[in-house]
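Asks: Required output: the full structure, derived from the provided sequences and hints.
Numbering follows the UniProt record's numbering, with no gaps: position 32 of the sequence shown is 32.
If you're looking for bench data, these hints aren't it; they were derived computationally from the structure. It is possible that some hints are incorrect.
Straight-line distance between alpha carbons at most 25 Å, and here's what the computed DMTMM-like set of lysine to aspartate or glutamate pairs gives [unchecked claim]:
| no. | residue 1 | residue 2 |
| --- | --- | --- |
| 1 | Lys176 | Asp69 |
| 2 | Lys153 | Asp69 |
| 3 | Lys153 | Asp35 |
| 4 | Lys149 | Asp90 |
| 5 | Lys176 | Asp126 |
| 6 | Lys102 | Glu180 |
| 7 | Lys149 | Asp35 |
| 8 | Lys29 | Asp90 |
| 9 | Lys149 | Glu110 |
| 10 | Lys149 | Glu87 |
| 11 | Lys102 | Asp126 |
| 12 | Lys176 | Glu87 |
| 13 | Lys66 | Glu110 |
| 14 | Lys153 | Glu87 |
| 15 | Lys34 | Glu87 |
| 16 | Lys86 | Glu110 |
| 17 | Lys176 | Asp35 |
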Amino acid sequence: MSLFSILILAIGLSMDAFAASICQGLQIKKTTIKDTFSIGLCFGIFQGLMPILGYFLAASFANSIKAIDHWVAFVLLFIIGFQMIKESRDASCEISHGLSLKSLLSLGIETSIDAMAVGVSFAFLDVNIFSSSLIIGFTTFLLSSIAFKIGNKLGMRSKQISELIGGIILIILGFKILIEHLFFQ
Numbered sequence: 001m002s003l004f005s006i007l008i009l010a011i012g013l014s015m016d017a018f019a020a021s022i023c024q025g026l027q028i029k030k031t032t033i034k035d036t037f038s039i040g041l042c043f044g045i046f047q048g049l050m051p052i053l054g055y056f057l058a059a060s061f062a063n064s065i066k067a068i069d070h071w072v073a074f075v076l077l078f079i080i081g082f083q084m085i086k087e088s089r090d091a092s093c094e095i096s097h098g099l100s101l102k103s104l105l106s107l108g109i110e111t112s113i114d115a116m117a118v119g120v121s122f123a124f125l126d127v128n129i130f131s132s133s134l135i136i137g138f139t140t141f142l143l144s145s146i147a148f149k150i151g152n153k154l155g156m157r158s159k160q161i162s163e164l165i166g167g168i169i170l171i172i173l174g175f176k177i178l179i180e181h182l183f184f185q
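Replies: Dropping the structure here:
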């Protein structure tokens, strides 16, 4: 997988965290640098660690399904992308916990489950898991920090758009992986 593809994937994966950050920004009247950094760091760490976890969980059985690995990667990305598109139609913010450590950790885990599934697909692809996870984590950190400020200023519509774009990106990447494997290998 190319650096460009990993960066695009990182942007797509970060859209759940982006949307959750917008929701958090909606709830706080006056944001601080500490709040912004806390949101970005929490989401960035979880998004960066989960692909590594998924990768090592899947690496144990990757060789046994090598013949269909491209289909596994495609299906996982398609399902995650479809789910994000479906969630983009929801005009509500279910997050109402504020910026407590407990709520941040909970949100970090919830928004990074899809990153673990992508880590599973990485086990079947030619990917350096550590550099890819670093890119995913850093991208999520930046975008979540920005989204927190956006949510504080712009509101719910930006949440819906980010989830829609993230879902589309993941589905396109799934098709790209499938097409490259079927026609260019």
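Asks: Would you mind marking each hint as holding or not holding in the structure?
Replies: Evaluated hints:
Of the pairs offered as hints, the one joining Lys176 and Asp69 holds, with about 14 Å between alpha carbons and a cut-off of 25 Å not exceeded. For a cut-off of 25 Å, the pair hint linking Lys153 to Asp69 is broken: about 43 Å separates their Cα positions. Only pairs whose Cα atoms come within 25 Å are accepted, and Lys153 paired with Asp35 is accepted, the gap being roughly 15 Å. Among the hinted pairs, Lys149 with Asp90 is consistent with the structure: their alpha-carbon atoms are about 21 Å apart, no more than 25 Å.
This hinted pair checks out: Lys176 and Asp126 have alpha carbons roughly 14 Å apart, not beyond 25 Å. About 42 Å separates the Cα atoms of Lys102 and Glu180, which puts this hinted pair outside 25 Å; it is violated. A threshold of 25 Å between alpha carbons decides the hint, and for Lys149 with Asp35 the separation of about 10 Å falls inside it, so the pair holds. With a C-alpha separation of about 23 Å, the suggested pairing of Lys29 with Asp90 holds against the 25 Å cut-off.
Pair hint Lys149 plus Glu110 holds up; C-alpha atoms about 21 Å apart against a cutoff of 25 Å. Our distance criterion of 25 Å between C-alpha atoms is met by Lys149 and Glu87, whose separation comes to about 21 Å. Under the criterion of a C-alpha separation no larger than 25 Å, the hint pairing Lys102 with Asp126 is inconsistent with the structure, at around 36 Å. Restraint check: the Cα-Cα separation between Lys176 and Glu87 comes to about 23 Å, which is no more than 25 Å; the hinted pair holds.
For the proposed pair Lys66 and Glu110, the alpha carbon gap of about 29 Å is over 25 Å, so the pair is violated. A threshold of 25 Å between alpha carbons decides the hint, and for Lys153 with Glu87 the separation of about 22 Å falls inside it, so the pair holds. With a CA separation close to 29 Å, the supplied pair Lys34 and Glu87 exceeds the 25 Å bound. Under the criterion of a C-alpha separation no larger than 25 Å, the hint pairing Lys86 with Glu110 is consistent with the structure, at around 16 Å.
For the hint pairing Lys176 with Asp35, the CA-to-CA distance comes to about 37 Å; that exceeds 25 Å, so the pair is violated.
Comparing the model with each numbered hint stated earlier shows that hints 2, 6, 11, 13, 15 and 17 do not hold.
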